[in-house]
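Chains as they are written, first to last, in my numbering: chain D, 1 to 293; chain C, 294 to 788.
Incorrect hints may have been included.
Label-pair distances were calculated between CB atoms; the ranges are [as the list claims (entries may be wrong)]:
(1) D:F275 with C:P736: 45 to 51 Å
(2) C:K663 with D:R45: 33 to 39 Å
(3) D:T116 with C:D769: 36 to 42 Å
(4) C:K476 with D:I232: 42 to 48 Å
(5) C:T383 with D:P17: 54 to 60 Å
(6) C:D769 with D:L137: 38 to 44 Å
(7) D:D46 with C:K663: 37 to 43 Å
(8) D:T116 with C:T732: 32 to 38 Å
(9) D:F281 with C:K599: 43 to 49 Å
(10) D:S6 with C:T383: 48 to 54 Å
(11) C:T767 with D:T277: 26 to 32 Å
(12) D:D46 with C:Q649: 40 to 46 Å
(13) D:L137 with C:K599: 21 to 27 Å
(14) D:V19 with C:D471: 52 to 58 Å
It should be emphasised that the hints constitute simulated quantities derived from the structure, not laboratory data. Every residue gets a Cβ at the ideal spot worked out from N, C-alpha and C, and that includes glycine.
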Amino acid sequence: MNTNRSNLMWAGIFVGPWVLGFLLFTAYPFFASLWYSFTNYNIVRDAEFIGLYNYEFMFFKDIVFWVSIGNTFYFAITLVIFGTIVDIFLAALLNRKIVARATYRLIYFIPVLVPTVASSLIWIWVLNPQRGIVNYLLEAMGLVGPNWLGSTTWVKPALVIMAIWGSGRAIIIFLAGLQEIPRHLYEAARIDGAGPITVFRHITLPLLTPVILFNVVVGLIFSFQAFAESYIMTQGGPANASLFYGLNLYFHAFENLRMGYASALAWLLFMIIMFFTLVVFRGTRRWVYYENE
Amino acid sequence: MKLGNVSRRKVVKGGLLGTFGVVGAASLAGCGETKTVEKIVEVPVEKIVEVEKIVEVEKQLGVNAARTDAIVVEKVKKVEVAASQLNRQTVELWSGFDPKTHGKVGGVYGSIIDIFNAGNPSHEVKHVIQPWGQINPKLLTSVAAGNPPDAVRNWYHALGGHAEAGATTAIDKWVKRDAKTWKPEDFLAGPVAQTIFQGKRHAVPLSGIVALLYTNLDLAKEMGVTVPANFKTLAEAEAVGAKLYKKSGSKIKTLGFSPSMFSAPTTWAAVWGGEDVYDGKGKFNASTDDMKTLMNWHKGYADTHKGSELVAWKSTYGTGGFGRFTSDGPLYTNLVGMAGLSSWWFSDIDKQAPKQNKQWQAIPTSGSKKYRTSDLNTNVYIIPNGAKNAEGGWAWSSFLTSPKQMERKTVADSVPAIRKSLDTPFYHKASPYNGVALTDIFPNTWKLPPFGSYGVFRKALGTAQDQIYLGEKTVDAALADITKATQSDIDAKAK
Chain D
1 MNTNRSNLMW
11 AGIFVGPWVL
21 GFLLFTAYPF
31 FASLWYSFTN
41 YNIVRDAEFI
51 GLYNYEFMFF
61 KDIVFWVSIG
71 NTFYFAITLV
81 IFGTIVDIFL
91 AALLNRKIVA
101 RATYRLIYFI
111 PVLVPTVASS
121 LIWIWVLNPQ
131 RGIVNYLLEA
141 MGLVGPNWLG
151 STTWVKPALV
161 IMAIWGSGRA
171 IIIFLAGLQE
181 IPRHLYEAAR
191 IDGAGPITVF
201 RHITLPLLTP
211 VILFNVVVGL
221 IFSFQAFAES
231 YIMTQGGPAN
241 ASLFYGLNLY
251 FHAFENLRMG
261 YASALAWLLF
271 MIIMFFTLVV
281 FRGTRRWVYY
291 ENE
Chain C
294 MKLGNVSRRK
304 VVKGGLLGTF
314 GVVGAASLAG
324 CGETKTVEKI
334 VEVPVEKIVE
344 VEKIVEVEKQ
354 LGVNAARTDA
364 IVVEKVKKVE
374 VAASQLNRQT
384 VELWSGFDPK
394 THGKVGGVYG
404 SIIDIFNAGN
414 PSHEVKHVIQ
424 PWGQINPKLL
434 TSVAAGNPPD
444 AVRNWYHALG
454 GHAEAGATTA
464 IDKWVKRDAK
474 TWKPEDFLAG
484 PVAQTIFQGK
494 RHAVPLSGIV
504 ALLYTNLDLA
514 KEMGVTVPAN
524 FKTLAEAEAV
534 GAKLYKKSGS
544 KIKTLGFSPS
554 MFSAPTTWAA
564 VWGGEDVYDG
574 KGKFNASTDD
584 MKTLMNWHKG
594 YADTHKGSEL
604 VAWKSTYGTG
614 GFGRFTSDGP
624 LYTNLVGMAG
634 LSSWWFSDID
644 KQAPKQNKQW
654 QAIPTSGSKK
664 YRTSDLNTNV
674 YIIPNGAKNA
684 EGGWAWSSFL
694 TSPKQMERKT
704 VADSVPAIRK
714 SLDTPFYHKA
724 SPYNGVALTD
734 IFPNTWKLPP
744 FGSYGVFRKA
754 LGTAQDQIYL
764 GEKTVDAALA
774 DITKATQSDI
784 DAKAK
């Protein structure tokens with residue numbers, strides 16, 4: 001009994017700071033923002049309750065709300081689909097026994113270490129239609145490069161490409177997943193005469209599905225919150241083509257001082273992310289394979 | 294110990310005063326800490342300090358730099374050390390003027406703070422350098438937390454939002470009290486108008502950012518194009534641009550003249566007579582005849598040059614990219630160059646390109662009856678609501694905006710909001726565009742009053758411009774969107 005009490009006390013001492021931090025800096029702001037979403041609040045003055053007006057404003061009066069929803073869905077879905085495909089492909093390459101494998105792995109991970117501001121500024125130059133290296137190379141191949149960040153058609157693909165460039169963390173996770181797949185399964189498949197595509201389809205991919213699930217969920221959450229790149233590179237332009245949900249929220253919160261409305265936007269974003277995460281989890285029984293099940 | 298600290302700080306700040314500072318501090322330490330205000334009055338502080346500081350300012354500006362006098366320096370140092378013994382209240386001042394990164398204006402700003410600190414018996418400014426981009430969010434959170442600074446360098450475009458939110462202090466009581474020394478009528482009408490929110494003064498006007506037309510005459514000559522002297526109409530500017538464009542092989546990279554050449558979309562709205570959009574009382578309507586004419590003018594360029602190319606040009610050079618706002622900028626763009634008067638480019642252009650022949654003038658008239666030479670964005674000082682030393686904030690703000698200090702600072706920066714300071718031989722010599730600002734631009738600027746939804750309006754206007762270029766919206770639909778976005782925001786905030 002005494003030992004239990006003592007353990008409990010020590011547990012409280014060790015966990016307490018974290019719990020306190022969580023309550024103060026996560027739980028309180030989380031629920032406070034729900035209250036603020038029903039108020040007119042500008043940080044300085046006291047919040048005034050206005051019922052559902054912020055939500056009404058969102059759906060019927062904010063002329064860029066639906067634009068930002070469309071842009072964010074485009075970005076999230078494109079990035080998750082293409083990002084996952086590219087990441088698995090690169091992880092598979094990095095899993096092969098090739099010369100200087102460690103160096104290649106390092107190279108793909110380096111973008112993760114580059115601060116977003118720095119990488120965004122670099123990409124502004126890389127993608128510049130008139131002086132950027134991408135269009136220079138395309139021109140050398142006889143192609144006319146698009147106006148990446150200045151085109152309503154190309155700005156979102158440009159940001160997706162940039163996001164995939166920085167997805168070294170997902171590649172490392174996929175790589176770890178690939179290395180967890182038992183070698184004897186590959187050997188057995190080869191003995192049975194399976195080719196590389198068959199091996200990939202029937203062994204690698206199924207056994208990688210838990211990792212894919214993880215990266216898809218994390219990727220969805222990340223991409224729905226996309227903000228920094230478009231804030232730095234395009235400010236949501238041209239013609240609001242890269243105005244993501246997070247950017248619209250930021251603008252209303254910190255430039256337009258409508259914290260109440262921004263809180264309402266944040267809560268809707270939370271619900272959207274929650275909904276899609278649940279949808280993905282609901283579908284896992286159909287496509288995620290756990291070896292120990 | 295205290296004296297030692299003071300000496301070290303001053304050495305860092307003032308540089309050349311270091312040696313004498315140590316001597317002065319040591320002698321004062323020997324005498325004990327008995328220095329009083331009378332000590333300062335005994336020595337002709339202001340005169341000595343100002344003479345010395347003028348020398349410093351002039352040295353930084355490269356003007357008349359040979360007047361350094363070691364004796365004066367010593368006296369100044371002693372007085373400054375004595376002043377530091379006074380029981381003064383600290384004025385926490387926020388600005389982004391870092392001497393290390395702001396060229397001439399950074400140094401001059403520091404000198405003016407030194408002058409204030411040396412001569413003011415009640416307040417001592419402590420300058421907190423904040424990154425420009427963080428000043429507004431930090432200001433709001435500090436006001437909300439009840440711990441704001443005492444004076445903050447700010448801008449017209451944010452003032453309406455801050456005042457509406459209750460983050461600023463109305464300064465009318467100080468203006469009334471100090472009517473003999475700080476007179477609103479000394480200031481230009483536009484900057485003063487932009488500090489008044491709902492009938493009360495919420496800021497001290499410092500200087501005005503306006504746009505003007507700059508022509509690189511050498512480049513034009515090199516291209517075989519003759520630029521008329523001080524042309525009066527926009528059509529003439531466009532004709533020069535068209536010739537430059539043609540001479541350079543009609544490539545969009547070298548456009549000659551671009552309707553997207555200004556970073557602020559409101560500039561063209563001023564030139565095309567768009568000032569009726571807001572009535573100052575909560576009613577906003579962008580669908581005026583003048584705004585339609587403006588948007589159709591943008592559309593005309595899109596039709597001629599392909600809108601996506603214009604947007605490409607804007608994304609390359611639109612915000613000063615690739616050295617556009619340097620004296621060589623027009624060489625990259627082949628433009629009839631343009632920029633805001635407050636740009637350091639204007640302050641330093643003679644240094645960058647001393648031999649370049651150039652022409653400064655107001656943006657020529659569009660032909661609209663409501664033509665304004667430019668939009669106006671006044672730089673201001675605000676005293677945050679809840680400032681602990683609001684009196685000190687006013688003391689600093691009114692000191693900096695006194696004609697003498699204004700002349701000093703703005704000669705290295707933007708155009709002062711005081712007519713007296715603009716119209717001096719010193720300033721005319723130091724700022725070649727000054728005459729243009731004084732006679733041609735400021736008397737006819739667009740004085741949009743501060744309002745909390747200005748940011749929404751400006752953003753919506755920029756988006757509409759893009760949409761017109763890209764053919765995504767008709768002129769009427771784009772203008773209707775601006776109205777809806779801005780009016781909805783005004784209404785929501787008034788809820």
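Hints and how they fare:
1. Remark: the range hint 45 to 51 Å for F275 (chain D) to P736 (chain C) is contradicted by a beta-carbon distance near 58 Å.
2. Against the hinted window of 33 to 39 Å, the Cβ-Cβ separation of K663 (chain C) and R45 (chain D) comes to about 36 Å, which satisfies the hint.
3. Distance hint for T116 (chain D) and D769 (chain C): a CB-CB separation of about 39 Å, consistent with the stated range 36 to 42 Å.
4. Evaluation of the 42 to 48 Å hint for K476 (chain C) and I232 (chain D) yields a pass: the beta carbon distance comes to about 44 Å.
5. Checked against the hint of 54 to 60 Å, the pair T383 (chain C) and P17 (chain D) fails, with Cβ atoms roughly 35 Å apart.
6. With their beta carbons about 42 Å apart, D769 (chain C) and L137 (chain D) fall inside the hinted range of 38 to 44 Å.
7. Remark: the range hint 37 to 43 Å for D46 (chain D) to K663 (chain C) is upheld by a beta-carbon distance near 41 Å.
8. Checked against the hint of 32 to 38 Å, the pair T116 (chain D) and T732 (chain C) fails, with Cβ atoms roughly 47 Å apart.
9. Between F281 (chain D) and K599 (chain C) the Cβ separation comes to about 48 Å, which falls inside the hinted range of 43 to 49 Å.
10. Under the hint 48 to 54 Å, the C-beta atoms of S6 (chain D) and T383 (chain C), about 51 Å apart, fit the expected range.
11. The hinted window of 26 to 32 Å between T767 (chain C) and T277 (chain D) is violated, with their beta carbons roughly 41 Å apart.
12. Checked against the given bound of 40 to 46 Å, the beta carbons of D46 (chain D) and Q649 (chain C), roughly 56 Å apart, lie outside it.
13. With their beta carbons about 24 Å apart, L137 (chain D) and K599 (chain C) fall inside the hinted range of 21 to 27 Å.
14. At about 54 Å, the CB distance of V19 (chain D) to D471 (chain C) agrees with the hint of 52 to 58 Å.
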